[in-house]
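K.L.:
Please model the complete structure; the sequences and the hints are all you need to start from.
2 protein chains.
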Amino acid sequence: MPTDPATVPSGPNRRIVLRRRPQGLLQADDVEMVTEDIPELAEGEALMQAELLGMDATVRSWLNEGEGYLPAVEIGEVVRCSGIGRIVATNSPAYEVGDIAYSLPGMQDYAIVRDDFFTSKLPPGTELAPMLSVYGATGLAAYVGLIDIGRVREGETVVVSAAAGATGSLVGQIAKRYGCRVVGVAGTPEKCRFVVEELGFDACIDHRRDDLRAALKEHCPKRVDVYFDNVGGPVLDAVLGRLAQGGRVALCGAISVYNDTHKPPGPANYLELINRRGTMQGFIALDHWDRFPEIRETLRAWVEDGSLRHVEHTFEGLGSAVEALNALFTGANTGKVVVRVAD
Amino acid sequence: MPTDPATVPSGPNRRIVLRRRPQGLLQADDVEMVTEDIPELAEGEALMQAELLGMDATVRSWLNEGEGYLPAVEIGEVVRCSGIGRIVATNSPAYEVGDIAYSLPGMQDYAIVRDDFFTSKLPPGTELAPMLSVYGATGLAAYVGLIDIGRVREGETVVVSAAAGATGSLVGQIAKRYGCRVVGVAGTPEKCRFVVEELGFDACIDHRRDDLRAALKEHCPKRVDVYFDNVGGPVLDAVLGRLAQGGRVALCGAISVYNDTHKPPGPANYLELINRRGTMQGFIALDHWDRFPEIRETLRAWVEDGSLRHVEHTFEGLGSAVEALNALFTGANTGKVVVRVAD
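Each protein sequence line maps, in turn, to chains A and B. If you count by our numbering, then the first sequence holds residues 1 to 343, one letter each, in order. If you count by our numbering, then the second sequence holds residues 1 to 343, one letter each, in order.
Read the hints as simulated data drawn from the structure, not as lab findings. None of these values were measured; they are calculated from a predicted model. Treat the hints with care, as some may be off.
Unchecked claim - Derived DSS-like pairs (lysine-lysine); straight-line CA-CA distance at most 27 Å:
#1 Lys222/A <-> Lys263/B
#2 Lys263/B <-> Lys263/A
#3 Lys222/B <-> Lys217/A
#4 Lys121/B <-> Lys263/A
Claimed, not checked - Label pairs and their computed distance ranges (CB to CB):
#5 Gly66/B <-> Thr298/A: 37 to 47 Å
#6 Glu218/B <-> Asn64/A: 49 to 59 Å
#7 Pro234/B <-> Pro93/A: 30 to 40 Å
#8 Gly76/A <-> Arg208/B: 15 to 25 Å
#9 Tyr69/A <-> Glu294/B: 35 to 45 Å
A virtual CB, placed ideally from N, CA and C, is assigned to each residue, including glycine.
P.N.:
Structure (structure tokens):
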């Protein structure tokens, strides 16, 4: 059902495009906000006006050269990120004007979406921000990483890093639901307080102030059965040194190294995987997308019974996108970082 | 059935005991060969006269301080190693004089053995050397690491390091039996030639002469599904960089680092485990001991049908034990290193 041309908006489309590969933290002049015309639609395409963009550490990894699990963003391309918006024009049978869709629009006002793997329609009336956190790839990563990859069992000790972040905060709460001892690792006393007092973690280690090794020994007296790793670096190494027999490390990301210009050393304690018969397994939430409707319903039930809180940290305006992304790395955020582009 | 005291041998027992913790390669004066009386037997004990001792890289790891999967050998204790010998006196209902047993006697002429996890009787007429290689913990490690941990499937690409060593040579041959493309990594042109021409590997990379990354790209055009790691270090790192989607790394040991006095950096490429949805898992062959009778029969059938060759590299005399152990690290051996203590 091609759109009546009268309904195709015309006018400017602000886009944040990559100008050079960042060295370290993304700098304002690594990108440029350009204004282009709203694109015309080819057959099978629809136009989405972004309302909320979701910031994930992996967005920064896509800006580095080289093959990852998705192709790197090329110079001149819009910075890829997830987002939710309204379909405002359509040349695709999959979408009608007014639909709400979740996709990878990138940092821009208007994006072309297709009926593809990365795009899904949301029911009318959906509250948008949670669709980027607990009901989005973040919630999927937390669930799959802890349950499928971490194979968590009741009574085990679970450690999660970036504990006050979007994923970590969900992981810890789900592990509590499973009857685990849950120890977070976070970067400020406020975040540690938040996950213990507000989210019910048993303890939280401040990796900037505490002696990691001593703190892990204190808070994980029976060692660590499952480690959900969002950060890599010294925290991963320290937890490997405290692994329990048959311990599992679910590698979700490595926020501590995405900004490094030289590849940092790997975890020297990896040989503990032999002594402890441990497993370290990487995963990508998107691989499990087909199971997401079912998992989302589980998460929804937990949110509704009050056992799972989700927190969003909102930045206002497309112009704040770089600052919002960097908040993940400077630790300025608590919960899911979203950018409100339009209402 | 206590032994008739007349049959208890008396006389000297040569023992190689640890004098100080080695720094790097085991030095002759890190140990001392002492001569003590043959010990008396308490209730439940039997005396084994060692005939062959088996050298494994893990023997060196037991000499380092700290908790491994077995306790460290203490200063003054005999250097722990596997071995096979004859029961020459018994105060245990589990053994009769004349029995042949496999145990962890350590580097000495006579050892006390018990009816325990580490000791098993062998059928009369057993050929001894293969019991330390293909029919011993070495064969078990090769089988379990490749089949259970590596979850190898027909048509996959398998890489194994220390390819001409006791374990690696078996792993590669078993993988060929499974219809895999098999690429070895070894330290000399002669070893590479041996595993390709004599054992049927598809290719072998000389890690001292070849550019590891380029060679892996050349010999593993479809990347690496299973990596059986005996060495750690730069080889592990390079193979992680060439991992296939869903690739598995079975961590058997890390011969390249056991002698290091400082913990070397871990594998910087571990993040490929995320991009490639890979798994790195450590294992200890002894954990699978209960399945060994069944696995040994499988290995025996393969030896008998000619598809599995085992190679032993024999050193003569207890006095050669340090040299024999070091051969594993200097790369002087091909196949299983055994020390003949007595006939």
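K.L.:
Now, for every hint given, state plainly whether the structure supports it.
P.N.:
Here is how each hint holds up against the structure:
{"no.": "1", "hint": "Lys222/A <-> Lys263/B", "verdict": "holds, 25 Å"}
{"no.": "2", "hint": "Lys263/B <-> Lys263/A", "verdict": "holds, 18 Å"}
{"no.": "3", "hint": "Lys222/B <-> Lys217/A", "verdict": "violated, 43 Å"}
{"no.": "4", "hint": "Lys121/B <-> Lys263/A", "verdict": "violated, 51 Å"}
{"no.": "5", "hint": "Gly66/B <-> Thr298/A: 37 to 47 Å", "verdict": "holds, 42 Å"}
{"no.": "6", "hint": "Glu218/B <-> Asn64/A: 49 to 59 Å", "verdict": "violated, 26 Å"}
{"no.": "7", "hint": "Pro234/B <-> Pro93/A: 30 to 40 Å", "verdict": "violated, 54 Å"}
{"no.": "8", "hint": "Gly76/A <-> Arg208/B: 15 to 25 Å", "verdict": "violated, 44 Å"}
{"no.": "9", "hint": "Tyr69/A <-> Glu294/B: 35 to 45 Å", "verdict": "holds, 39 Å"}
When the structure is compared with the earlier hints, violations turn up for hints 3, 4, 6, 7, 8 and for no others.
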